[in-house]
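Could you put together the complete structure from these sequences and hints?
2 protein chains.
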Amino acid sequence: MKKRIDLLRDNLEFDAYLIPTNDPHFSEEISEYWKCFEWLSELDELVGAFGSIAVTKEKAALWVDPRYHNINEKELESIGIELMKLRVENEPTDVEWIIENLDPGEVCGINGKLYSVNQVKDIEEKLNKKNISLNAEVDILNSIWKDRPNMPKGEIFNHDIKYCGKSSSDKISDIRNEMKNYNAEYYLISALNDIAWVTNLRGSDSNNSPLFYSYLVIGEFETVLFVDNEKIDKDIKEILFEENIKIKEYDDIYSYLKKIKDNKKVLLDPKKTNYLTYNSIGKNANKCEINDITLRLKAKKNEVEIKNFKNCLIKDGIAMVKFLYWLKNSIGKEKITELTVEEKLLNLRKQQPLNRGLSFDTVSAYKEHAAKCHYKANEKNNYELKKEGMLLVDSGGQYLDGTTDITRTIVLGNITDEERRDYTLVLKALIGTANTYFRESIVGANLDIAGRSHLYKYGIEHLKGSCHGIGFYLSVHEFPPAIGLYGVPYSDMEIEENMVMSNEPGVYKEDRHGIRLENMQYVEKHIETEYGKFYKFTQLTMCPFDLEGIDVSLLNDEEKKWVNDYHKQVFETLSPYLDKNEKEWLFKETNKV
Amino acid sequence: MKKRIDLLRDNLEFDAYLIPTNDPHFSEEISEYWKCFEWLSELDELVGAFGSIAVTKEKAALWVDPRYHNINEKELESIGIELMKLRVENEPTDVEWIIENLDPGEVCGINGKLYSVNQVKDIEEKLNKKNISLNAEVDILNSIWKDRPNMPKGEIFNHDIKYCGKSSSDKISDIRNEMKNYNAEYYLISALNDIAWVTNLRGSDSNNSPLFYSYLVIGEFETVLFVDNEKIDKDIKEILFEENIKIKEYDDIYSYLKKIKDNKKVLLDPKKTNYLTYNSIGKNANKCEINDITLRLKAKKNEVEIKNFKNCLIKDGIAMVKFLYWLKNSIGKEKITELTVEEKLLNLRKQQPLNRGLSFDTVSAYKEHAAKCHYKANEKNNYELKKEGMLLVDSGGQYLDGTTDITRTIVLGNITDEERRDYTLVLKALIGTANTYFRESIVGANLDIAGRSHLYKYGIEHLKGSCHGIGFYLSVHEFPPAIGLYGVPYSDMEIEENMVMSNEPGVYKEDRHGIRLENMQYVEKHIETEYGKFYKFTQLTMCPFDLEGIDVSLLNDEEKKWVNDYHKQVFETLSPYLDKNEKEWLFKETNKV
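Protein chains in written order, with the working numbering: chain D, 1 to 593; chain A, 1 to 593.
Honestly, the hints are just simulated from the structure, not real lab data. Be careful, since some hints might not be right.
Claimed, not checked - Over 10 Å on every C-beta distance to chain D, these chain A residues come out as not near it, computed from the model: (1) M1; (2) E82; (3) G105; (4) E137; (5) F157; (6) Y486.
Claimed, not checked - Output of the computed footprint for chain D on chain A, the stretches with three or more beta carbons under 8 Å from beta carbons of chain D: (7) 436-442; (8) 456-464; (9) 521-535; (10) 550-563.
As the list claims (entries may be wrong) - Facing chain A, from chain D, some residues (calculated, C-beta under 7 Å): (11) I449; (12) L555; (13) D557.
Ideal placement from N, C-alpha and C gives every residue a C-beta, glycine not left out.
See the structure below:
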């Protein structure tokens, strides 16, 4: 059988081609239809990878994130692709590789649907320096991928106002008010979670996020949702009619944008808008590049959402405590593996009211597996758990009344002094952030050190951000907010009241151990004085930390108080929902340190 | 007598004129010759103010920083100038005022020597929008200011290598290496402290900083110092000859820059280079705008400078402790005022070896005077001190082996609970920064919250940065480093090993009280691990905090330990240099909390 990479070459009218792991909306999870990278690489090992493939007439290379640097290079070479490593020094990027391998005057093709406006500008600038040109309107995959899956047809449903707290027409009216500040006639939204948020609709096109493929254009006088009409039943049609949202077919976005008249101003986010969509906007329209207006509006949860989040986190906490009770009491008595842990936890979450599955693939990582930040157990690498060492479980659920994300590292038996110290440092870092006070107009980059300094004291760094925003029955990663070092995306945006986010410090020591603790918290008003409005973080997650992991001598008196107060609150909140044995167990687990 | 503002109008060939409080090097302290703003305003009250004056044919207005908002507006109006307030919302800036008051087609003049390249670009862009043009080559003051002081003729002297630790030729060689990264043939330095640092020369043109008016051009093959030749004696000439630095007259800078050939690359800092200098660079030379290379090189103190700083801070601490002993034991027994405090402290510093006066005008502020961040006592407002309330003293000295900056707030008798709480919060903020650990490549904006969060918890904000860099026998304010909130100038630059800086949180409550505590600290290597190099702050200042100001119940156990360890170190370090009474007093003052 002909290699797929050669099929591509047969159809390549230019000198090179680049394939990314994107969909046209830059979603975190992409549908099977858009998994061109995986299909082209032909390698099972690359499922879920993030990277790109570059192909010239003679050569091909594949870039992939560090999680996949130990894949079978020989197998990849046997299909004619060289392995490159993303984010490793001295390795050329895909664009640099294209520049090295093409001559001036030659042409590189991409599918402009899969690159953002910003990305295309960047690539074009780099290529043009060597007089290589870019053609951004080439979709080769469609003609060579014979059994390509269909675009997903997942059901679209209404997210009731008792959960989301605000009607779609009210949200659109807020957005139109902000559009006036720009004197803009149109606002194009391409990000699927923003569209779901504006319309109060949810879909089923992704595994873990309730999203649906669509575009939304909010004009001065009309709002149009571009979506596969087959997904919209009569009830939804009625709701959209009431909210004054028109429906057009998904692919009608191009012709609609083309008709925008001269001198009309169109707002769009160049990081979230794909190049083909951008390019189809009327030639003489005024394209105004901004951060999506919806970013901030969606991030500041309303009072109904906050109330629902609190309730949702109690349910998620019940599932977690039942899970921890089971694990601690069953370990050594029955066969438990990383994969059975995932299953157990999924089942416990499903028993909770309004649950709609997981918000991301569970990380269940035993011993040194936990040192890999995004470890995914499978039949091959699956460890059996014993009465020793630690298990890291990072998991979350989707509920109609919220999205959850929690990590606990669980002590199963003897651990080393270094492991106990590191557990305690991670807890100190979590408390450091949780106990930080700040004022309005402060940005994420200002807050990062509050937690991280506790790790720095012991010479430890983790390359993740400290906190990411979390959607409300939407994506588990939502930005803003972002708390991370200076330069981390979105960490230059203000942290505002009622933003909901994770707080997740960690220690990752390759081939040894990995510890992460993660609570969800929200920004609550603390005090208002002559100096302005001040905020604090209020914990949403209700689940104990493992006392066996804590070296109490490393905690100061304020930190001990924090742990004791938090544990008291966890016990008081959850115990009414637990059976006698679980309750007794939780009582002991929330003993004072 | 004709008002000066009218003299200016008589000589004004254009429609408006702008006068700033700058000198051609954007120095913090400017010489009498450049005090055009003060001269033109005719108001004694404005001595030391920061602002600008705008004049049209009919109107004139004066902008001034908040310290001066309560000056005699009527007196100012009587000479035909309206008072505007800098940094107050809804007040137009000087440029906005010009735009309001001129018609399209009219021309505004400025002296391009007194505006940086960046400032001129900004002003020009704003004016051009209303079709007003800018002429940046107008120096009216020279022709109307008949008794204008001369340019200062202060002596220039050598700063011995035993103090500064590195020869000028070695510094120039480091700079040339960095110039190579830019492929640049020339590097123009305009900032006086950078020139003093490169040449290891010091001058006497400012009151509190040992600087001299000059420009420095480092070329591939020659280094030229542009300076009033009368200031250079035979010895300095010899030293400069040995270090391969040529000397030209101060004003020769323009003709020198004009001769730079086509396509040569000239590096310069557009925030520090005045527009006239910039504009005189050869028309077809390639002007490359960067942060001054010297900023970083100067900021990372060498080992000799660090050693000297430590010794210098011991001497400064001795002076401070002698001062505190005197004050605490004399209050109520002899007449002490804010001004006599200044005098006493100056005399004590002068007694220390290698002292060369003050590094800035002492802030001696009693009771509510301390709520004004930059209060300056004079014969009019001078308070007499009593056995009650608090005195804030912010002061520093120049020594051949360092520059110092310290603030202590001193309890003289009964204070309120609020004052004691605020004192303790400021101390907690200082400890918060002092106890922060961080790693290489972290910037100032990342670190600010470590101290400030303690104030935020109680709804308090101060609008100053938390830490500024400090020169080595140079300016007391030196950037980088800067630790401040996101957006504060230079807070986006990395905090590096051996940077020396202040740590100065404060609380300012108008008409009530002001508390500031300020230590000097430097960045010391803490640990190096698989994750990189980690840093900590090591305290340089040796002077106790006032135990009477501390509410111990607000300190956690780590903070108490910090205070006790620091006080122990202060006692052990300083006591050998104190007399019996002072020693006994210091022993009590450094008791455990």
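Evaluation of the provided hints:
Non-interface status of A:M1 relative to chain D is upheld: no Cβ of that chain comes within 10 Å, the nearest being about 45 Å off. The non-interface label for A:E82 is consistent with chain D: the shortest C-beta to C-beta separation is roughly 29 Å, beyond 10 Å. The claim that A:G105 is not at the interface with chain D holds, since no C-beta of that chain comes within 10 Å of its own (minimum 28 Å). Distance check on A:E137: its Cβ is at least 37 Å (rounded) from any Cβ of chain D, clearing the 10 Å threshold; non-interface status holds.
Every Cβ of chain D is farther than 10 Å from the Cβ of A:F157; the closest lies at roughly 41 Å, confirming the non-interface assignment. The Cβ of A:Y486 does not lie farther than 10 Å from every Cβ of chain D; its closest approach is about 5 Å, which violates its non-interface assignment. Given a C-beta distance limit of less than 8 Å, the hint that chain D covers the segment 436-442 of chain A holds, as 5 residues qualify and 3 suffice. Only residues whose C-beta sits within less than 8 Å of a C-beta in chain D count toward coverage, and the segment 456-464 of chain A has 6 of them, enough to reach three; the restraint holds.
Judged by the Cβ-Cβ criterion of 8 Å, the segment 521-535 of chain A is covered by chain D as claimed, because 7 of its residues qualify and three suffice. Counting residues of the segment 550-563 of chain A whose C-beta lies closer than 8 Å to any C-beta of chain D gives 3; at least three are required, and the coverage claim holds. For the restraint placing D:I449 at the interface with chain A, the shortest Cβ-Cβ distance is roughly 5 Å, inside the 7 Å limit, so the hint holds. Proximity of D:L555 to chain A is violated relative to the hint, the smallest CB-CB distance being about 10 Å (cut-off 7 Å).
A cut of 7 Å between beta carbons decides the hint on D:D557: the least distance to chain A is about 5 Å, and the hint holds.
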